[in-house]
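Visitor: Single-letter residue listing:
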Amino acid sequence: GESVGLHLPTLSVQEGDNSIINCAYSNSASDYFIWYKQESGKGPQFIIDIRSNMDKRQGQRVTVLLNKTVKHLSLQIAATQPGDSAVYFCAENHSTASFGNEKLTFGTGTRLTIIP
Amino acid sequence: GAVVSQHPSRVICKSGTSVKIECRSLDFQATTMFWYRQFPKQSLMLMATSNEGSKATYEQGVEKDKFLINHASLTLSTLTVTSAHPEDSSFYICSARRAGTTYNEQFFGPGTRLTVL
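Protein chains in written order, with the working numbering: chain Z, 4 to 119; chain P, 52 to 168.
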């Protein structure tokens with residue numbers, strides 16, 4: 004079946020260092036990808052997105068890379084801070100002919116811990 | 052902008068009772084809202100897609116008669132868990148897609164923790 008998965012379930016990074024969270028997806032027809040951050044007991048928070056016609060997009064301290072050849076997505080967080088500690092999910096959008104049938108499929112998540 | 056609220060944030064109920072959860076887009080109109088369920092230390096699983104003014108589309112394995120969804124306006128969708136049982140205990144999260152957007156950018160609510168005794 005179709006799935007979105009992460010290579011590493013947990014990641015610990017020293018404060019100030021850069022972190023990279025990886026995600027593999029299986030649906031080559033996916034046209035839109037999003038990274039979300041989820042803190043304990045809260046809903047997912049949008050971090051950054053990328054469309055399938057791009058291979059890189061940068062935000063404030065975050066960069067998303069998309070490699071469609073190997074169906075791989077990554078999130079880079081620069082100069083990590085304690086507030087970056089959370090679970091990070093990638094999500095891919097399945098676009099169908101019918102507008103109303105678009106949906107996101109979430110990866111399994113990676114817990115990022117920033118070590119002071 | 053793009054704020055989504057949920058109410059209640061936490062609810063405890065007895066087995067066999069029904070619970071209603073509200074999802075509101077506060078500063079935008081949402082033609083489509085989504086309901087997810089998340090078990091501890093797991094990912095979000097889509098339960099259903101709700102389009103304003105029409106019946107919800109349920110994912111495979113989700114009982115539509117147990118999880119009633121109503122999307123009566125462009126800013127409100129409700130999920131009612133009927134005859135709740137302990138196995139329905141979970142974190143329920145809604146999201147909303149802004150009307151007129153090209154891509155499926157979803158804004159999430161803060162979630163509702165349901166505990167069924």
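No wet-lab data here; the hints were simulated from the structure.
Hints should not be assumed to be uniformly reliable.
Straight-line distance between alpha carbons at most 30 Å, and here's what the computed DSSO-like set of lysine-lysine pairs gives [what the hints assert, rightly or not]:
1. Lys106(P) / Lys74(Z)
2. Lys92(P) / Lys71(Z)
3. Lys71(Z) / Lys71(P)
4. Lys106(Z) / Lys117(P)
5. Lys71(Z) / Lys106(P)
6. Lys74(Z) / Lys71(P)
Some chain Z residues flagged as far from chain P (calculated, every beta-carbon gap over 10 Å) [what the hints assert, rightly or not]:
7. Gln17
8. Glu18
9. Lys45
10. Pro47
11. Gly62
12. Gln63
13. Thr66
14. Leu68
15. Ser88
According to the in silico footprint, chain P covers these stretches of chain Z (three or more CB under 8 Å from chain P) [what the hints assert, rightly or not]:
16. 48-60
17. 108-119
Every value quoted in this text rests on a predicted model; they were computed, and no experiment measured them.
No residue lacks a Cβ here, since even glycine has one placed at the ideal position from N, Cα and C.
Visitor: Now tell me if each hint is right for this structure.
Guide: Okay, the hints, checked on the actual structure:
1. Lys106(P) / Lys74(Z): violated (34 Å)
2. Lys92(P) / Lys71(Z): It holds: about 28 Å lies between the C-alpha atoms, which stays within 30 Å.
3. Lys71(Z) / Lys71(P): Not satisfied, since the Cα-Cα distance of roughly 41 Å exceeds 30 Å.
4. Lys106(Z) / Lys117(P): Distance of about 21 Å is within 30 Å: holds.
5. Lys71(Z) / Lys106(P): Distance of about 35 Å is beyond 30 Å: violated.
6. Lys74(Z) / Lys71(P): Roughly 39 Å between the alpha carbons, so the hint for Lys74(Z) and Lys71(P) is violated.
7. Gln17: holds (24 Å)
8. Glu18: Check passes; 24 Å lies beyond 10 Å.
9. Lys45: violated (6 Å)
10. Pro47: Non-interface label fails for Pro47(Z): nearest chain P Cβ at 5 Å, not farther than 10 Å.
11. Gly62: With a cut-off of 10 Å, Gly62(Z) remains clear of chain P, as the shortest Cβ separation is near 14 Å.
12. Gln63: holds (17 Å)
13. Thr66: Holds, since 19 Å exceeds 10 Å.
14. Leu68: holds (18 Å)
15. Ser88: Since the minimum Cβ distance to chain P is about 15 Å, Ser88(Z) lies beyond 10 Å and the statement holds.
16. 48-60: That given contact holds, which follows from 4 residues of the stretch 48-60 of chain Z lying within Cβ reach (below 8 Å) of chain P.
17. 108-119: holds (count 5)
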